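Okay, here's what each chain looks like letter by letter:
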Amino acid sequence: MTRPRRDPRAERASIQVAGEARPRFDRTARRTGSGRPRRDPRAERAGQRVAAEARPRYDLSQTVRFDAAVITEAQPKAAAAASPKILVLDDPAFLVAVVPDAPGGRLSSHDRQVLGAARALAGREGGVAILTLGACEGVGPAGADRWLPLDAVEGYDPATQAARVAAALTALAPRHILFPESLDGGDLARRVAVRMGEPLFTNAEVVAANGLVRPAKGRRVEQRIAPGLLSTVAPDAVAEYGGPPREARPLPVEAEAPTQGSKRIVSAARVPADPATVPLALAEFVASAGNGITDLDTFRQVVAALRATPGASRVLCDAGLMPRHTQVGASGTVLAATCYFALGISGAPQHLQGVAGCEHVVAVNTDLHAAMIERAGLAIVQDAQAVMPALLKLLVQEAQGTGDETA
Amino acid sequence: MTIVVLLSAGRHPVSGAPVLPRMEAQAIRIAASLGEAVGLHAGPDAEAVREALGLGLTRIEHIALPEGLDPVPALSARLAALAPDLVLAGRRSQGGAESGVVPYALAEALDLLLIPDVVAVSGGADTLTLDQSLGRGALRRVSVRGPVLATVHPDAAAPHAYAFGKARRGAVELVGAAATGVDVPQAIVEERPYRRRPKLVKGAPTGGSAAERLKAATGEGGSAAKGRLLVEPDPEEAAREILAHLRQIGVLAGPTKSNS
Ligand SMILES: Cc1cc2nc3c(=O)[nH]c(=O)nc-3n(C[C@H](O)[C@H](O)[C@H](O)COP(=O)(O)OP(=O)(O)OC[C@H]3O[C@@H](n4cnc5c(N)ncnc54)[C@H](O)[C@@H]3O)c2cc1C
Ligand SMILES: Nc1ncnc2c1ncn2[C@@H]1O[C@H](COP(=O)(O)O)[C@@H](O)[C@H]1O
Numbered sequence: 001m002t003r004p005r006r007d008p009r010a011e012r013a014s015i016q017v018a019g020e021a022r023p024r025f026d027r028t029a030r031r032t033g034s035g036r037p038r039r040d041p042r043a044e045r046a047g048q049r050v051a052a053e054a055r056p057r058y059d060l061s062q063t064v065r066f067d068a069a070v071i072t073e074a075q076p077k078a079a080a081a082a083s084p085k086i087l088v089l090d091d092p093a094f095l096v097a098v099v100p101d102a103p104g105g106r107l108s109s110h111d112r113q114v115l116g117a118a119r120a121l122a123g124r125e126g127g128v129a130i131l132t133l134g135a136c137e138g139v140g141p142a143g144a145d146r147w148l149p150l151d152a153v154e155g156y157d158p159a160t161q162a163a164r165v166a167a168a169l170t171a172l173a174p175r176h177i178l179f180p181e182s183l184d185g186g187d188l189a190r191r192v193a194v195r196m197g198e199p200l201f202t203n204a205e206v207v208a209a210n211g212l213v214r215p216a217k218g219r220r221v222e223q224r225i226a227p228g229l230l231s232t233v234a235p236d237a238v239a240e241y242g243g244p245p246r247e248a249r250p251l252p253v254e255a256e257a258p259t260q261g262s263k264r265i266v267s268a269a270r271v272p273a274d275p276a277t278v279p280l281a282l283a284e285f286v287a288s289a290g291n292g293i294t295d296l297d298t299f300r301q302v303v304a305a306l307r308a309t310p311g312a313s314r315v316l317c318d319a320g321l322m323p324r325h326t327q328v329g330a331s332g333t334v335l336a337a338t339c340y341f342a343l344g345i346s347g348a349p350q351h352l353q354g355v356a357g358c359e360h361v362v363a364v365n366t367d368l369h370a371a372m373i374e375r376a377g378l379a380i381v382q383d384a385q386a387v388m389p390a391l392l393k394l395l396v397q398e399a400q401g402t403g404d405e406t407a
Numbered sequence: 001m002t003i004v005v006l007l008s009a010g011r012h013p014v015s016g017a018p019v020l021p022r023m024e025a026q027a028i029r030i031a032a033s034l035g036e037a038v039g040l041h042a043g044p045d046a047e048a049v050r051e052a053l054g055l056g057l058t059r060i061e062h063i064a065l066p067e068g069l070d071p072v073p074a075l076s077a078r079l080a081a082l083a084p085d086l087v088l089a090g091r092r093s094q095g096g097a098e099s100g101v102v103p104y105a106l107a108e109a110l111d112l113l114l115i116p117d118v119v120a121v122s123g124g125a126d127t128l129t130l131d132q133s134l135g136r137g138a139l140r141r142v143s144v145r146g147p148v149l150a151t152v153h154p155d156a157a158a159p160h161a162y163a164f165g166k167a168r169r170g171a172v173e174l175v176g177a178a179a180t181g182v183d184v185p186q187a188i189v190e191e192r193p194y195r196r197r198p199k200l201v202k203g204a205p206t207g208g209s210a211a212e213r214l215k216a217a218t219g220e221g222g223s224a225a226k227g228r229l230l231v232e233p234d235p236e237e238a239a240r241e242i243l244a245h246l247r248q249i250g251v252l253a254g255p256t257k258s259n260s
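Protein sequence lines correspond, in order, to chains A and B.
Here full-length UniProt numbering is used: the first residue of the first sequence is 1, the next is one more, and so on.
Here full-length UniProt numbering is used: the first residue of the second sequence is 1, the next is one more, and so on.
Please keep in mind that the hints were generated in silico from the structure rather than gathered at the bench.
Model, not experiment: these values are computed from the prediction.
Treat the hints with caution; some may be incorrect.
[As the list claims (entries may be wrong)] Covered by chain B, according to a simulated footprint, are these stretches of chain A (three or more residues, beta-carbon under 8 Å):
1. 193-200
2. 231-239
3. 351-364
4. 382-388
C-beta: ideal position from N, C-alpha, C; glycine also.
One chain only, chain A, in its complex shape:
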């Protein structure tokens, strides 16, 4: 860096105030011409900032000239991000097939993770094909380039379903096929594997083009293998696809499997879980009473009216007011419920351990500073003995259709 040589005499002469007998100098005047201008670090930093990103990111390779205005670029990038273009893959080198569960015609988060894994296996050249039984929405944004909608099988007939999927997969001839390792997906994967006579790599926790990894021998070892034809992917192990939406071009299915109605299954009926008798660890919605509840009859009515599974804190179980198998907490049952409704529970650490996995917590307590109130998504500081009858009354009113708040 070459710096212009300063000339103190000339600088001094330039700031001399004219028209005075005695030489006087105005040192407040900005020195231009010679000398170094002052740096403005803030402006330089702002100039390096990459536009159109929510998180601040700086492009340090962009050197800012401190005497010139800062250059701001990356404007076209922002425009591209505003309207995500659908990625079209016209001629994939190979296909990676995914057979999701898609309960109720919607991809579950496990299904999306399997699509993310398939995307990782497909890389740049390959395409991801999704095989759904019946209609399914949102397959393009989840990362599918091709889409084979097969006809759904009526009733419960997993063998026919597997035959149909195996026939479609044989016709498609993908390089890899992935299934979710869930109750239904794992069952379908094994049926398809024995039908096709191919080995199945189950419960993969790492999916990459250079190898799949699964736990084995009671999680004492892990086994790595080069990606084969058939694998199932463990839940919550692989990230979902996060890129721009893909085309999901429908592919016609040539091979139509014979619809062999199996005569061996006489009937199949779904029995929903009975909240009153389902084991606490499996329950979806638990309503619990603690030491703050004295009227347990009303509590039981509330639980029945809400169609919840009854729970209790240790104090009530120790006192024999609630059965021991209803105890929630470290020395009771650890819940996997979606929602936990705590009435008169302080939220001791041993109790909160049992609730750690619950997504939503609703608490009623008279103490504003109780730990349960802090944990709750909806916290109500009120006497639970007064809230319970109000809840019952409201539920009865709604059931009769005479609720005044519905007007």
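Fit chain B with the ligands to the supplied structure of chain A, relying on the hints for placement.
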């Protein structure tokens, strides 16, 4: 009614000691509630499955098979000879590959109907009713005719307690060793000690900062962060708020059920 319970040689996940897998012990309990059952094991050594005698079986058939051979041909040959009405197996074995493919391969070889993830079985010789777990306590009740192979889900009833006297009285019989074991071409598998991998954090923004991921993991970013606090509301008001919140989450059905 002939019932066969398939027993595999399990290993304890922590100590590595031979142990009967829990799901097979649960299968024995289901079988014992229906009638007399026989255990079937193919492997080099029957000592590992001897425990099953104390859990409710009176007889175990053991097919001697060298280590590392595929048990499916030997098992399917023996099952074809026994012609059982009900075959019970575990959902996954324990201590080996834990792939759960053996029951499916047997069903394919014998052209048996396979019902997975069963928690209870009832009925007689011609029609069986199987309760299949759909997760979270929900069931599918399947009625089937003819022979069926069912795999047992961990939500089935807990196994019976081990009884020493029964274990002593029971017998393990060696049945004809498999003539030829077909050597299955094994894929090259590289084994190394298990390494725990971070679980995905649900709800964490992709590309978010470490602080955002931590928030999502501790629940601060979830429902707790946008938690609502009502101090001393009217009890009726509180009840309305609670019901509205429960409906929004989706755990409570809407009020339009029996409208007049
Ligand atoms: C080794 C060990 C293991 C344990 N394991 C467990 C376990 O597994 N599960 C468990 O639950 N506990 C367990 N405990 C006990 C735990 O420490 C607490 O003692 C217990 O959880 C407290 O229960 P509680 O919240 O019902 O009672 P309290 O702590 O007495 O709280 C009662 C709450 O109700 C409120 N209240 C009072 N009146 C009303 C009203 N009218 N309306 C609304 N709110 C009201 C109060 O403000 C208070 O917050 C364990 C303890 C130990 C030492
Ligand atoms: N060698 C074997 N002998 C008898 N039954 C077996 C054998 N291997 C597996 N099984 C049965 O098949 C189930 C699943 O095993 P796997 O496919 O190895 O996970 C087990 O729970 C057993 O019931």
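Right, here's what the structure says about each hint:
Proximity of the segment 193-200 of chain A to chain B, defined as three or more residues with a beta carbon under 8 Å from a beta carbon of that chain, is established by the 5 residues found. Against chain B, the segment 231-239 of chain A contributes 4 residues with a C-beta closer than 8 Å to a partner C-beta. That satisfies the three-residue criterion, and the hint holds. Counting residues of the segment 351-364 of chain A whose C-beta sits closer than 8 Å to any C-beta of chain B gives 5, which meets the bar of three, so the coverage hint holds. Residues of the segment 382-388 of chain A with a Cβ under 8 Å from some Cβ of chain B number 4, which satisfies the need for three, so the listed coverage holds.
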